[in-house]
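Undergrad: Residue strings, one per chain:
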Amino acid sequence: MTDTTSTVEQQLEITLRVNGVARTATAPARRLLSDFLRHDLRLTGTHVGCEHGVCGACTVLVDGQPMRSCLMFAVTAQDHEITTVEGLAPDAEQMSPVQQAFTECHGLQCGFCTPGFLTTITAYLQENPDPTEAEARECISGNLCRCTGYQNIVKSVLRAAEITHEREAGA
Amino acid sequence: MKPSPFVHHAPRSVAEAVAVLAEVGHDGKVLAGGQSLIPILNMRLAAPGHLVDINRVAGLDTVEVTDDAVRIGALVRHALLERHDGAFAANPLLRQALRNVAHPAIRNRGTTTGSIAHADPSGEMPAVLALTQGYVEAASAAGTREIAAADFFLGPLESCLTEGEMATGVRFGRFPAGTGTAFAESARRHGDYALAGVAAAVTLTDGVVTSVRASFVSVTPTPDVLDLTEAFAGREVADVDWVKAAEMARDHVDPDGDIHATADYRRMLAGVLTTRVLTEAAATALEGQSR
Chain A
1 MTDTTSTVEQ QLEITLRVNG VARTATAPAR RLLSDFLRHD LRLTGTHVGC EHGVCGACTV
61 LVDGQPMRSC LMFAVTAQDH EITTVEGLAP DAEQMSPVQQ AFTECHGLQC GFCTPGFLTT
121 ITAYLQENPD PTEAEARECI SGNLCRCTGY QNIVKSVLRA AEITHEREAG A
Chain B
1 MKPSPFVHHA PRSVAEAVAV LAEVGHDGKV LAGGQSLIPI LNMRLAAPGH LVDINRVAGL
61 DTVEVTDDAV RIGALVRHAL LERHDGAFAA NPLLRQALRN VAHPAIRNRG TTTGSIAHAD
121 PSGEMPAVLA LTQGYVEAAS AAGTREIAAA DFFLGPLESC LTEGEMATGV RFGRFPAGTG
181 TAFAESARRH GDYALAGVAA AVTLTDGVVT SVRASFVSVT PTPDVLDLTE AFAGREVADV
241 DWVKAAEMAR DHVDPDGDIH ATADYRRMLA GVLTTRVLTE AAATALEGQS R
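Heads up: the sequence lines are chains A and B, in that order. Residues 1 to 171 in full-length UniProt numbering are what the first sequence spells out, letter by letter. Residues 1 to 291 in full-length UniProt numbering are what the second sequence spells out, letter by letter.
Don't take every hint at face value.
Taking beta-carbon pairs under 7 Å as the criterion, some of the chain A residues facing chain B (in silico) [unchecked claim]:
#1 Q65
#2 P66
#3 Q100
Which stretches of chain A does chain B cover? Using the computed rule of at least three CB atoms under 8 Å from a CB of chain B, they are [unchecked claim]:
#4 9 to 22
#5 26 to 36
#6 42 to 54
#7 72 to 79
Hints listed in this document are in silico derivations from the structure and should not be mistaken for laboratory results. Cβ coordinates follow ideal geometry from the N, Cα and C atoms, glycine included.
So here's chain A without its partners, still in its complex pose (with noise of 0.2 Å):
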């Protein structure tokens, strides 16, 4: 403990537009963008896993665009559009396609990885709105559930495409 330089931590005001919405924190420049979320802005629907890209429960919409949370900084989000798991539903009435599906279908167990899961399908049948099996399956395969529950999660994919056509075609 001899020389303790304490040096204080650089802190910045960081602005992030998260589902739709403006928001503020302080917090240092090493904040990764998942922790962001939960602990400044306590958007907990964010999961953190790995930490390092593998698992995909952190998985977040930028731009529409999913990504790894975990991997990046909240500092260098600030110029994007995010959106997270709370964002996804229409409204606070009706949930979204995809997490019709995973009503439905049992596509949860645990639910740890399940905001990953569902963000990265929201994007997925943006860009691909009539996905086969196969389809279903790749679309996935940067995610891991924990419970191993894929078998459901494929099947929450396909019925998601489904309910996605069948609101378009009743509204």
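Go by the hints and put chain B onto chain A.
TA: Below, chain B alone, put in the same frame as chain A:
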């Protein structure tokens, strides 16, 4: 785990970025996509005091296709290059390989230049840069230079970039007419680091083999190129038995064993994959589709 503290720099130009790098010396690290860097920081395998975040530097996010190269800036994400039809037409190997780079969520953020600057022998794009005889463009406070792929990779995770220098982009070479390319790898889960991977280019002239080259992922210390031209040139492509190339690939590679696979298994895979990609590349060249 969490990264240790650092000072975040957000330069707006390459000149500003290299000025910061010159000032902070070995304590500085460039952050672009961060998909390799941030895991290393999270696990505290590295703890730079300064991160030079180049995400706001203008002009680094472009793809240019020229007569002899596909040039990309340091902020071109894997996903952008993968979807770029002009780049695909100019060099189909880019898309063939990029499909194997991690998972879509990582390709959306990670940059191709960054993965090359990272110089991981388990990365797909270093092997592609080597096979296309490409170049890395680098800048420092002292000026700019371009480095041939053959000189760029010094060892696992070690490039010839010096302190204060950043990669501003890369140029992938294009293959001559009559070339077919292919890429294949084997991983425990699609998108994970490959146990072994092979990129290949076969060039034909009137159905006769004129050039055969391959480069490897995860089984050589640096992405060097195995030139098989001497062994196969001059033969009618229909008569070539690419199984013979497997032995040469097995002799060439020098894999390490780890918890996922033994060195022998990786060597075997390298051979099998070499036969597979050469067969595919030759068939593509023969069809003249070059995709």
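Undergrad: Which numbered hints does this structure break?
TA: Number 3 - this is the single hint that the structure violates.
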